[in-house]
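For the record, the sequence lines run as chains A and B.
Going by the working numbering, the first residue of the first sequence is number 1, and it counts up by one from there.
Going by the working numbering, the first residue of the second sequence is number 1001, and it counts up by one from there.
Watch out, some of these pointers could steer you wrong.
[Stated by the list, open to error] Only some residues are given here: those of chain B computed to face chain A with a beta carbon under 7 Å:
hint : residue
1    : 1067
2    : 1071
3    : 1073
4    : 1077
5    : 1109
6    : 1165
Worth flagging that the hints you see were computed from the coordinates, not collected in a lab.
In this text, a Cβ means the ideal position worked out from N, Cα and C, and glycines have one as well.
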Amino acid sequence: MAKAEIKNHIRRLRFEHGEMTQQQLSERVGCSRQTVVLLEQGRYVPSLSLALKIAHLFGTDVESVFELDEDAR
Amino acid sequence: MYEILDIKYKTIYSPFRYVLSAMQALFTEIRTMTIVLWSVLALGGGLLALWLAGRRMKRQEPPLPADIDLPVTPLQRISRWGIGVSAVLAAAAAALLLWNGAETTFASDPLRITFTLLLVGIVAVVGGVGIWLRAQVGRSDGVLDERDRAIVGRAPAAQAMAMLVTLAIWTIGLAEHFHDAGVVPVFYLYLVFWSVVVVDLVGLPVGILMGYRRS
């Protein structure tokens, strides 16, 4: 249920940051590429720790990367 | 058991006679089943319990788009490897038992030692996977990420049920099979122990692979 309520902009942010690959992102935040794929597909909701790492990597705040789906609010 | 059934049989209404008759036929069938069949049934029952638990855990969401390449994690790879090697060793042990017969296998030292070594191999392989896992779970810089750790944490859920099913099949089977004799040959204890150990150990990597389907 919770999986469908969170959407993210990781894919767009990757391309805005030098077309970073999923592999590069996974290595820099310390997770597997499978986790990155599932994150981008909205199939996995990360922990606060991982969400913060991803946001810091893109130089932004968590709410610019992850947001609550409008339909679910 | 038969006597009790016979007493009830005479006094119970006719529709139940068919049920009691079928039960009597089933117990007669159980008593004539061989050791190999019991081994297969016990291991199969345990693995069936794991499979059923996996069905319940199956992801309800639609499958990923065809163009999405979902890479295999190191944890998935080592779990598949552990299950594969265990399956080969278990098949070899079953073949040894089938080929020579249970009585001969346990009466002959070389055959019994070979049989034991095959099962010890399963313990070594899957136990090795477990040791590796414990080492990795405790390391923040290891190959496991937070999702892997959550999957490992949930993986043992099906193990207890699978062990209980295996033990239940052995207990009912042996009790019925040796009902008249009143004693169970020692090598059955050996098989009960090993089948529970195998189901328990293999249950961990199976639970891990099921976890990836769910999360």
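Tested hints:
1. Taking 7 Å as the C-beta cut-off, the interface hint given for residue 1067 of chain B is violated, the closest approach to chain A being about 11 Å.
2. About 5 Å separates the beta-carbon of residue 1071 of chain B from the nearest beta-carbon of chain A, less than 7 Å, and the hint is met.
3. Satisfaction of the interface hint for residue 1073 of chain B is found here, the shortest Cβ-Cβ separation to chain A being roughly 5 Å, below the 7 Å cut-off.
4. The beta carbon of residue 1077 of chain B is not positioned within 7 Å of any beta carbon in chain A (closest approach about 11 Å), and the interface hint is therefore violated.
5. At about 48 Å, the closest approach between the beta carbon of residue 1109 of chain B and any beta carbon in chain A exceeds 7 Å, and the interface hint on this residue is violated.
6. For residue 1165 of chain B, the shortest C-beta to C-beta distance to chain A is roughly 31 Å, which exceeds 7 Å, and the interface hint is violated.
Of the numbered hints listed earlier, those contradicted by the structure are 1, 4, 5, 6.
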